[in-house]
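Participant: Letter by letter, the chains look like this.
Number of protein chains: 2
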Amino acid sequence: MRELDGFWAVVPAGGAGTRLWPLSRSGSPKFLHDLTGSGSTLIQETHDRLAPLVGPRFLVVTGRAHEAAVREQLPSLGADDLVAEPSARDSMAAIGLAAAILERRAERTGEDLVMGSFAADHVIADVEAFARTVQEAVAAAREDHLVTIGIEPTFPSSAFGYIHQGDPLPGHDRACAVAEFVEKPSAEVAEEYLAAGGYRWNAGMFVARPTVLLGLLEEQDPGFAATLRAIAAEPGRLAELWEQCPKIAIDHAVAEPAAAAGRVATVPGDFGWDDIGDFDSLAGLLERRPGAKLATGPRDLTVLGDGDAVVALEASGVVVPASGRVVAVVGLDDVVVVDTPDALLVTTRARAQDVKAVVAALKERGRTDLT
Amino acid sequence: MRELDGFWAVVPAGGAGTRLWPLSRSGSPKFLHDLTGSGSTLIQETHDRLAPLVGPRFLVVTGRAHEAAVREQLPSLGADDLVAEPSARDSMAAIGLAAAILERRAERTGEDLVMGSFAADHVIADVEAFARTVQEAVAAAREDHLVTIGIEPTFPSSAFGYIHQGDPLPGHDRACAVAEFVEKPSAEVAEEYLAAGGYRWNAGMFVARPTVLLGLLEEQDPGFAATLRAIAAEPGRLAELWEQCPKIAIDHAVAEPAAAAGRVATVPGDFGWDDIGDFDSLAGLLERRPGAKLATGPRDLTVLGDGDAVVALEASGVVVPASGRVVAVVGLDDVVVVDTPDALLVTTRARAQDVKAVVAALKERGRTDLT
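Listed in order, the protein sequences are those of chains A and X.
Numbering-wise, full-length UniProt numbering puts 32 at position 32 of the first sequence, and it's gapless, one number per residue.
Numbering-wise, full-length UniProt numbering puts 12 at position 12 of the second sequence, and it's gapless, one number per residue.
With the rest of the complex left out, here is chain A (with noise of 0.2 Å):
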């Protein structure tokens, strides 16, 4: 795979992915951990993923409190691609203010300037297949798309919103225009979904000329818009300009209104997609990988860490032996152990939802030093 010329990768690094409890924490959010047992935490993942594509051109937008150890994570960021945002304002002002940086660069430089934004803590398991999507959707957004990639779906799932697929865009091989963003189904309703076809998992990657996205944006909220800009002018004034942006994510306030608009394409992404979005999701991923299974008698566990940490008999599910103690598991299906200096997990697969109840619990308790 070669570098696309001109294409920036943008990577919003934020949520603390709660219901990865007590692995992930307000101070240590998912992105920052290892939770594929690759060796590489998930943002380094994300970078190395995308580098062949971008080369040095990455744009990482992250909470203030995570600057030291997304550069230490990431020795080769130089000190301009990495935006520090004063606070949690959700994606469309990240993702938009890494666009009116890029909008400015290419007005300075010339360049034909692509974004591509990719969350910091997505899997991916094709990478190659990754890259031919990704080079497509770049293909589209030089024609003034805003471009959408879209997850083949591999089940149901009810914890998705949905791209509805529209016509094939002329000229291109798999790149169609999106007939409309729809909201996390009921399960029935993403059985008819799948049943019918042409329905993709948003996955939230977004692939468009910088100008091009700050366009739609300031269709939809010219105020917001300029105070991006603003910001992207005087990056001094970031901290004064930052609370006057609204906490909107970009789907809302940009993809949805732009596909009622004809405006949005999307390119099939089918290359193995996870946002491991909790410990279900996390032993579902771990299962796929034999190195990470333990036999126990007739099932087997996974373990994420080192499984010489784990003593299980006649039990499955997923053990993280992340505390150096020993973790012994005795006759349970399905079951979540998640093991960590300050704070222990027991659950099920079944109830891996029911873990941001925990933290909420632990919020009310005043433990913070725990979330």
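For the record, the hints were derived by calculation from the structure and aren't laboratory data.
These figures come from a predicted structure and were not determined experimentally.
All clues given are correct.
Chain copies aren't distinguished; within one or between two, either way the pair holds.
30 Å max Cα-Cα, derived DSSO-like pairs, lysine-lysine:
#1 K293 with K363
#2 K363 with K247
#3 K356 with K247
#4 K293 with K356
#5 K184 with K356
Please build the complex by placing chain X on the supplied structure of chain A, with the hints as guidance.
Facilitator: Using the frame of chain A, we list chain X on its own:
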């Protein structure tokens, strides 16, 4: 309850309690732990329950490795009130040596001594009922019976041996002859015993004149009795002679043959007894103590330790937070979570007996630091 003249408590304190790992370890066996949340360890509770009956007349027999801990937990023990075994040689050697020491004392002082042997790690709910039972047992022992306390069964357990009760002992309130001791039965046979009546659990509580106990041993194994008497006569030879003692339980060495010869009596014990054999038993015990319960939604979870360290949502079973960390449990029934500074156990009440397999697996891995 008043002191019973010449009555000595012998407390064999041994047994690693591997099914209570990781709380109980070979270096820190269960009798040294507070397993009921009472604020006292099991050996302290044993001492406090017997003190009103025996005053200062205690003899603890424990392993050398535990002498310091036992003396720390029972500061009232005098220098001669503890015998430190050079190695574990089962209950006949431990209780028999105590008998030989007390036999010499009786010869020297001319007192009419009776000894009662009570394990250091049993839990008894109704201390007054226990005292009344012991008093009856001592009275029967003064007629040269070997007297065993027969625990009223509360369910058809296959984990205990049974005492089959014979005819009433003339002149006594509740004491009967023992027809026979029967080995741990199958669950079906245990149900037949309960239906038939006249069967009680053998909790290994024996009350006898020291000379009677040693005389019964002498009939079965004269050399063994002679060795024990030789050690009592010359305590300096303990290390040398101890290894000659057979490793055998008092039940097999003395109680079973003596019962066959019509020499054993039993007094019924109905005082809420538990030997906390595993975490299922511990959970059941704690459930009957309202203070240990934590509401978790539709179900209650039992906590041994600091309830504030536990966050539980729709969970039942028992949690032991013994590491200072927060333990969160979500959506598991009858779970067992035991969290110690260097080892964590997650299992279910139904699999509580299998915890010993974890200890075996750790030994196989050379992790004797954890067993």
